[in-house]
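K.L.:
Sequence:
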Amino acid sequence: MGRIAGKFISGIVGPVIFKKVGNKQVVVSKHKGDLIKMTAATFNAAYVFGYASTLSSYFRYGAKELLAYHDGGMVSRLTGECNGILQKATINAGETFSFDQDYFSRLNGFEFNVASPVKKYLFAQPEVITTAENLTISLPELLIPRDLTFAPNAKYCTVAFKVTLFDLKSKAYLNQEIQSFEVELQKDPATLPPQQLLFKSAPGAIYLVSLGLFYAERTFAGKAVLNRQDLHPAAILRAGFCPGEATERDNSWQKMTFKDRKKRKSTGQNNDDARKGLFGKGK
Numbered sequence: 305m306g307r308i309a310g311k312f313i314s315g316i317v318g319p320v321i322f323k324k325v326g327n328k329q330v331v332v333s334k335h336k337g338d339l340i341k342m343t344a345a346t347f348n349a350a351y352v353f354g355y356a357s358t359l360s361s362y363f364r365y366g367a368k369e370l371l372a373y374h375d376g377g378m379v380s381r382l383t384g385e386c387n388g389i390l391q392k393a394t395i396n397a398g399e400t401f402s403f404d405q406d407y408f409s410r411l412n413g414f415e416f417n418v419a420s421p422v423k424k425y426l427f428a429q430p431e432v433i434t435t436a437e438n439l440t441i442s443l444p445e446l447l448i449p450r451d452l453t454f455a456p457n458a459k460y461c462t463v464a465f466k467v468t469l470f471d472l473k474s475k476a477y478l479n480q481e482i483q484s485f486e487v488e489l490q491k492d493p494a495t496l497p498p499q500q501l502l503f504k505s506a507p508g509a510i511y512l513v514s515l516g517l518f519y520a521e522r523t524f525a526g527k528a529v530l531n532r533q534d535l536h537p538a539a540i541l542r543a544g545f546c547p548g549e550a551t552e553r554d555n556s557w558q559k560m561t562f563k564d565r566k567k568r569k570s571t572g573q574n575n576d577d578a579r580k581g582l583f584g585k586g587k
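Following my numbering, the numbering of the sequence shown begins with 305 at its first residue and continues without gaps.
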């Protein structure tokens, strides 16, 4: 029921709602509460998108130490890439995923900050080699500053790598410590010997290798970080599957939580059974 307070009306009157916002009268339509009917295909696509959004958040969390600054559209861009991967990998009308192809390579070279892309600063190509137990990142010999561009006023550049492992079947992930090395800019061109970093791998797990560049200048008080919103190169170097069959994960792995798949109510025109959860979970 509507109420009159001075020159304003508030409350429900028929199919509309009257509100007082500041010194203005606002009228909005009343929500009827009807459920939107979706086809089976739309229902499945919506669920996969929600799953991709959650997976994208875990990918970002895995690289969080490298993401002090990122562009405003990064979250939606990464979610879109994850959705594209999972939509291609769905089988049985969206009931399960099949990763018999290297879909996650789609993330290779994904820039977290398009204002300062890694490809603008690092011109050497790191190599990633995976076995069932180890993931090795190898960088070739670098000629400084030809192969690694320094930001204005920068005297030092820390090249940092982060590797996170994910198991979508057991819904768990393994975080690992950042490994890095520092390069100092000399007056004359200098050669940096090849670098090799060793991380853990796990049979059948997804690996996500992220890379970040951190610049610093020399001051009377020591080093001062120069990274800021428009100067923070960070990217996904490589993503894919570790070789081997997935095994039971130990307690060093942390659980991932995804929303349960809800049952889809059938309509008079569509009596399809509600779809199962991914990986056969749920009914």
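Worth double-checking, as some hints may not be accurate.
Claimed, not checked - Distance condition first, Cα-Cα at most 25 Å in a straight line; then the derived SDA-like pairs of lysine to any residue: (1) Lys559 / Glu369; (2) Lys424 / Ala494; (3) Lys491 / Thr523; (4) Lys475 / Pro507; (5) Lys368 / Lys491; (6) Lys368 / Ala494; (7) Lys559 / Leu535; (8) Lys424 / Ser357; (9) Lys423 / Ala528; (10) Lys475 / Lys323; (11) Lys473 / Ala520; (12) Lys504 / Gly354; (13) Lys423 / Lys475; (14) Lys392 / Gln405; (15) Lys368 / Lys559; (16) Lys559 / Lys423; (17) Lys475 / Arg364; (18) Lys368 / Ala309; (19) Lys424 / Phe524; (20) Lys392 / Lys424; (21) Lys368 / Glu549; (22) Lys368 / Ser357; (23) Lys473 / Ile433; (24) Lys423 / Leu447; (25) Lys491 / Ile433; (26) Lys504 / Lys459; (27) Lys559 / Gly354; (28) Lys473 / Arg410; (29) Lys475 / Lys424; (30) Lys323 / Ala309; (31) Lys392 / Glu369; (32) Lys473 / Asp492.
As the list claims (entries may be wrong) - Pairwise CB distance ranges (calculated): (33) Ser314 / Asp406: 52 to 60 Å; (34) Ile482 / Ala550: 45 to 53 Å; (35) Lys392 / Pro498: 33 to 41 Å; (36) Lys559 / Pro444: 33 to 41 Å; (37) Gln429 / Leu489: 46 to 54 Å; (38) Asn327 / Ala525: 52 to 60 Å; (39) Gly326 / Leu489: 20 to 28 Å; (40) Gly388 / Thr561: 55 to 63 Å.
No wet-lab data here; the hints were simulated from the structure. Here the structure is a predicted model, which is why all the values come from computation and not from measurement. Beta carbons: idealized from backbone N, C-alpha and C, even for Gly.
K.L.:
Taking the numbered hints from earlier one at a time, note which ones the structure violates and give those numbers from smallest to largest.
P.N.:
5, 6, 7, 8, 10, 11, 12, 13, 16, 18, 19, 20, 21, 25, 26, 29, 31, 32, 34, 37, 39, 40
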